[in-house]
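Visitor: Going letter by letter, the sequence shown gives residues 9 to 88 in this note's numbering.
No lab work stands behind these hints: they were computed from the structure.
Even glycine gets a Cβ: it sits at the ideal position worked out from N, Cα and C.
Treat the hints with care, since some could be wrong.
[Unchecked claim] What follows is a list of derived Cβ distance ranges for each label pair:
#: 1; residue 1: Trp76; residue 2: Ala46; range: 24 to 32 Å
#: 2; residue 1: Val17; residue 2: Leu45; range: 13 to 21 Å
#: 3; residue 1: Asp68; residue 2: Leu41; range: 43 to 51 Å
[As the list claims (entries may be wrong)] In silico SDA-like pairs for lysine to any residue, Cα to Cα no more than 25 Å straight-line:
#: 4; residue 1: Lys10; residue 2: Ala24
#: 5; residue 1: Lys48; residue 2: Ile37
#: 6; residue 1: Lys48; residue 2: Thr18
#: 7; residue 1: Lys36; residue 2: Leu22
#: 8; residue 1: Lys58; residue 2: Phe84
#: 9; residue 1: Lys48; residue 2: Ile13
#: 10; residue 1: Lys58; residue 2: Glu72
#: 11; residue 1: Lys36; residue 2: Thr14
#: 12; residue 1: Lys48; residue 2: Glu62
#: 13; residue 1: Lys36; residue 2: Leu21
#: 14; residue 1: Lys48; residue 2: Lys58
#: 15; residue 1: Lys58; residue 2: Val43
#: 16; residue 1: Lys58; residue 2: Thr71
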Amino acid sequence: MKRRITVSVTAELLDALDGTPGSSRSQKIERLLRVALAAKEQQRWVSELKAFYETEKDADDRTEDLEWQALAADAFERED
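Can you build the whole structure from these sequences, using the hints too?
Guide: Given below as structure tokens:
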């Protein structure tokens with residue numbers, strides 16, 4: 009169920025909103041909020057991955073990581 013809200017923004021923000029895809033301002037705001045929430049979630053995942061990969065690893069872990077990176081790079085470059 010949708011709820012009606014009133015939002016006051018500067019003319020500059022309103023012009024920017026009007027320049028985004030969507031048939032109504034409500035659709036435009038909903039899309040922008042979804043994109044912002046998805047970006048926030050992705051940033052959380054990136055932060056967690058960075059924290060994981062920045063932890064101290066032993067030589068075996070580093071070797072395994074390099075092997076997986078090489079395998080992934082080879083698979084990405086294949087054209088079959």
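Visitor: Determine for every hint whether it applies to the structure shown.
Guide: Here is how each hint holds up against the structure:
Taking 24 to 32 Å as the suggested C-beta distance range, the pair Trp76 and Ala46 conforms, at roughly 27 Å. In this structure the supplied range 13 to 21 Å holds for Val17 paired with Leu45, their Cβ-Cβ distance being about 19 Å. Here the CB-CB span from Asp68 to Leu41 is close to 45 Å, well matched to the stated 43 to 51 Å. At most 25 Å may separate the alpha-carbon atoms for a hinted pair to count; Lys10 and Ala24 meet this at roughly 24 Å.
Proposed proximity of Lys48 and Ile37 is supported: the alpha carbons are some 16 Å apart, at most 25 Å. Annotation: proposed proximity of Lys48 to Thr18 holds, straight-line Cα distance about 24 Å (limit 25 Å). A threshold of 25 Å between alpha carbons decides the hint, and for Lys36 with Leu22 the separation of about 11 Å falls inside it, so the pair holds. Note on Lys58 and Phe84: the hinted pairing holds, with a Cα-Cα distance of about 22 Å set against a maximum of 25 Å.
Simply put, Lys48 and Ile13 have alpha-carbon atoms about 23 Å apart, close enough for the 25 Å limit, and the pair holds. Between Lys58 and Glu72 the CA atoms are separated by roughly 17 Å; this keeps the pair inside 25 Å, and the hint holds. For the proposed pair Lys36 and Thr14, the alpha carbon gap of about 14 Å is at most 25 Å, so the pair holds. For the suggested pair Lys48 and Glu62, the alpha carbons sit about 21 Å apart, so the restraint of at most 25 Å is met.
Simply put, Lys36 and Leu21 have alpha-carbon atoms about 12 Å apart, close enough for the 25 Å limit, and the pair holds. Taken as a hint, the Lys48 and Lys58 pair is honoured in the structure, with Cα atoms around 15 Å apart against an allowance of 25 Å. For the hint pairing Lys58 with Val43, the CA-to-CA distance comes to about 22 Å; that is within 25 Å, so the pair holds. For a cut-off of 25 Å, the pair hint linking Lys58 to Thr71 stands: about 18 Å separates their Cα positions.
Violated hints for the displayed structure: none, as all numbered hints are satisfied.
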